[in-house]
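Chains as they are written, first to last, in our numbering: chain A, 1 to 493; chain B, 1001 to 1262.
Source of the hints: derived by calculation from the structure; they are not laboratory data.
Ideal Cβ positions, reconstructed from N, Cα and C, are used throughout, including at glycine.
One thing to keep in mind: the hints can contain errors.
Just the calculated beta-carbon pair ranges, DEER-fashion [to be verified]:
#, chain 1, residue 1, chain 2, residue 2, range
1, B, Ala1009, A, Gly251, 18 to 26 angstroms
2, B, Ala1045, A, Ser21, 48 to 56 angstroms
3, B, Ala1189, A, Arg116, 24 to 32 angstroms
4, A, Asp444, B, Ala1045, 27 to 35 angstroms
5, B, Ala1042, A, Glu402, 18 to 26 angstroms
6, A, Pro294, B, Arg1008, 31 to 39 angstroms
7, A, Ala414, B, Ile1121, 54 to 62 angstroms
8, A, Asp316, B, Glu1020, 24 to 32 angstroms
9, A, Gln473, B, Asp1054, 28 to 36 angstroms
10, A, Glu402, B, Glu1020, 29 to 37 angstroms
11, B, Arg1041, A, Arg116, 46 to 54 angstroms
12, B, Ala1112, A, Thr335, 53 to 61 angstroms
13, A, Pro294, B, Val1004, 33 to 41 angstroms
14, A, Gln473, B, Arg1008, 49 to 57 angstroms
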Amino acid sequence: MSLLSLRNGASVATREIPELSAEAWREALVEAVAAGGRAVALWASRTAGGARHLTAVLARDADASLALARLPLAGDAFPPLGEACPQLALFEREIAEQHGIRPEGRPSLPPLRFSRPEGPAVGCAGIHPVEGPEVHEVAVGPVHAGVIEPGHFRFQCHGERVLRLDIALGYAHRGVEAGIARGPAKRRIHYLETAAGDTTIGHATAYCEAIESLAGASAPPRGQALRAVALELERLANHTGDLGALAGDVGFQPTAAFCGRLRGEWLNLTAELCGSRFGRGLVRPGGCAFDVEPARIERMMARLDAAMRDLAASADLLWGSPSVLARFEGTGRLTEESARELGLVGPAARACGLSRDVRRNHPTGMFRFAQIPIARWQSGDVFARAWVRWLEIERSAGFVREQLRSLPDGPVRAPVGAALAPDRLCVSLVEGWRGEICHVAATDASGALSQVKIVDPSFHNWTGLALAMRGQQISDFPLCNKSFNLSYCGFDL
Amino acid sequence: MWKVMRARAAQGHRTQALSELEAGLPDRYRGAPRLDAARCRAGCAECVEACPTDALAVDAEGPRLDLGRCLFCAECAERCPEGALSFGRDHRMATRRREDLVLRGGALELAAAFEERVRRIYGRSLRLRQVSAGGCNACEADVAVLATLVFDLSRFGIHFVASPRHADGLLVTGALTRNMRLALQKTRAAVPEPCFTIAVGACAISGGPYAGHPEVMDGIEGEIPVDLYVPGCPPHPLTILDGLLRLLGRIGPEARPGEARR
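Take these sequences, add in the hints, and give me the full structure.
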């Protein structure tokens, strides 16, 4: 067995991770991916002594385990993986940009985030023009028509048909990972809460579970339950907003208007918990910073029921309108095969028929006791991505109801000592509303946090959007884009 | 068609008056902080140590809290042994000048309206181009929510437009990353003069949690002049709306009776 097996949220002594030779490392990873393993993270690290390593984490969803292996780096190159495993290709580019080390045989890789001042200007690399007499190029962004985050899209078109889409990101690169490593410690939770601000609860939970694991602590049951409630409220808010935005993009105003309001209702429910619509200040190492009293639970239940009633009526209009379905069905289709090959996560993967959901496959916290069935659909198009969201809305609302009704007694937060176990590493996965959030937290010999590697679900999924656009009408891009609704800042970090 | 109309009737009228919106703020909402310097113990710097963004400082005149840097995490209030710091439920916090965001103990100097001549032109119609200069999508989301039917920003004559050439001003969020600098400059240049600029959120005002990072410019101030500062992380939509309406003289001391009701 050349890979180390680890549970989600468990920690391991760094020296126990098997160190393989370049060829063995590559073979082990390619084999594991061929056997159904899924790329979770791949990153470079440096020990205090100056030795460099690459560490890969794969997920084996079927048996709820993660698999790790390290490659000690001798020179400036490592064995290439991207061609054999496309889901690892973006990680290779990230490592090349951050550390100046490259896959062998690939002298230059375009940067992902344009983070180096001496490198190409942002948006000026990684574009693949298509040549031909009637081929034209359309450039969009970084400042878009709507109130959204910055990114640059370059379409190679033949008439209305998109031959290829290149997506250049990095405009929101703020140095999140570097900031976490640098400290001060009191800023760390705020970096995580703003890594992708619409996923505050998801990222804060992944981070806190990692810290708790390294500190040998755990959140009390009531704290775990409230975290799960907040995570599902975050999902409800964003999925509701997405259904409204999808309706808006096909010109179906009723659902667009209703869902715009209802999204706010979910945000206000989160604010009922902790005062912030985005859950700022709620999730902290050791549990939650706020508790709920019976009267608050009553209020939240009443508001949840009212919101769900209105939301069901609002979504029902979508599924019953032929004009909407005609635009949703068959648009931006991805096959299950492509989704698997690209390593997609979240609703985008489940809409292609894949059974991928951290809450089910690698549960931590309250999800070990209260399970949510995986919502799937097979068609891989805009309709599937909308429908999967609706199924998840129904199930999340049921989950929140159930949790609020039967919250465990006791405190919401337990003390977590500042001292972390030295030279250990923890992989923490959380199913955010966009999909799998991965945080890898590592400590040095003194027990200080030396690195937090963040993989936002968008990191896996942007390529899926680019592929889904091939052969589509360029005018369908807003609809396709919205059906993925990926994070720019979560990718850029 | 009948189904849509039935659904519309069932959903009801949801646009809220300003007073209703204010009444709807949650009890745990952390709004404008209050600083009671008289309670401060000499030599105590607990709050300063607790603050993740160095928004707090103690100098010869006592403690001061810079709302432009504050993330409203309330760590300071929790740590203060004397209870000298608290976060109230007042959502009104927007100011016209950067220095007005520095709280000493008194009340905030809330944003004054545009001068009368400018108000006459923009008071009933203001078009804004939003630029996310590296925000985390929380400020962006709570700006976008103003366009939903609950807040119905357009009833006040304020709209977000797609092109800077159609805009009277910019509303900027995010710490201004190095990678967004050129795009912000170009967008600013594309807005016809005079261009008003509104900085929304701790990041746009000071860099927020990213202040001091080599990847960001610590907010937009060094880049373009700012006419309105809306603090928060993110600011509540009502705080943003309040700032916009004050700027236009629709509410606040300069407002004509009945102005904000529409």
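Evaluated hints:
Our hint of 18 to 26 angstroms for Ala1009(B) and Gly251(A) holds, since their Cβ atoms are close to 21 angstroms apart. Our hint of 48 to 56 angstroms for Ala1045(B) and Ser21(A) holds, since their Cβ atoms are close to 54 angstroms apart. Separation of Ala1189(B) from Arg116(A) is about 27 angstroms and conforms to the stated range, judged on CB atoms against 24 to 32 angstroms. The supplied range of 27 to 35 angstroms is met by Asp444(A) and Ala1045(B), whose beta-carbon atoms lie about 29 angstroms from each other.
About 53 angstroms separates the C-beta atoms of Ala1042(B) and Glu402(A), a value inconsistent with the hinted range of 18 to 26 angstroms. For Pro294(A) paired with Arg1008(B), a C-beta distance near 36 angstroms keeps the hint of 31 to 39 angstroms intact. A C-beta distance of roughly 59 angstroms is found between Ala414(A) and Ile1121(B), which places it inside the suggested range of 54 to 62 angstroms. For Asp316(A) and Glu1020(B), the hinted distance range of 24 to 32 angstroms is satisfied, since their beta carbons lie about 28 angstroms from each other.
The hinted window of 28 to 36 angstroms between Gln473(A) and Asp1054(B) is violated, with their beta carbons roughly 51 angstroms apart. Between Glu402(A) and Glu1020(B), the C-beta spacing of about 32 angstroms keeps the proposed range 29 to 37 angstroms intact. For the hinted restraint 46 to 54 angstroms between Arg1041(B) and Arg116(A), the CB-CB distance of approximately 48 angstroms keeps it satisfied. A beta carbon spacing of about 59 angstroms between Ala1112(B) and Thr335(A) agrees with the range 53 to 61 angstroms that was offered as a hint.
Checked against the hint of 33 to 41 angstroms, the C-beta distance between Pro294(A) and Val1004(B) comes to roughly 39 angstroms, which is consistent with it. Between Gln473(A) and Arg1008(B) the Cβ separation comes to about 31 angstroms, which falls outside the hinted range of 49 to 57 angstroms.
Figure legend: structure checked against the earlier numbered hints; hints not met, in rising order: 5, 9 and 14.
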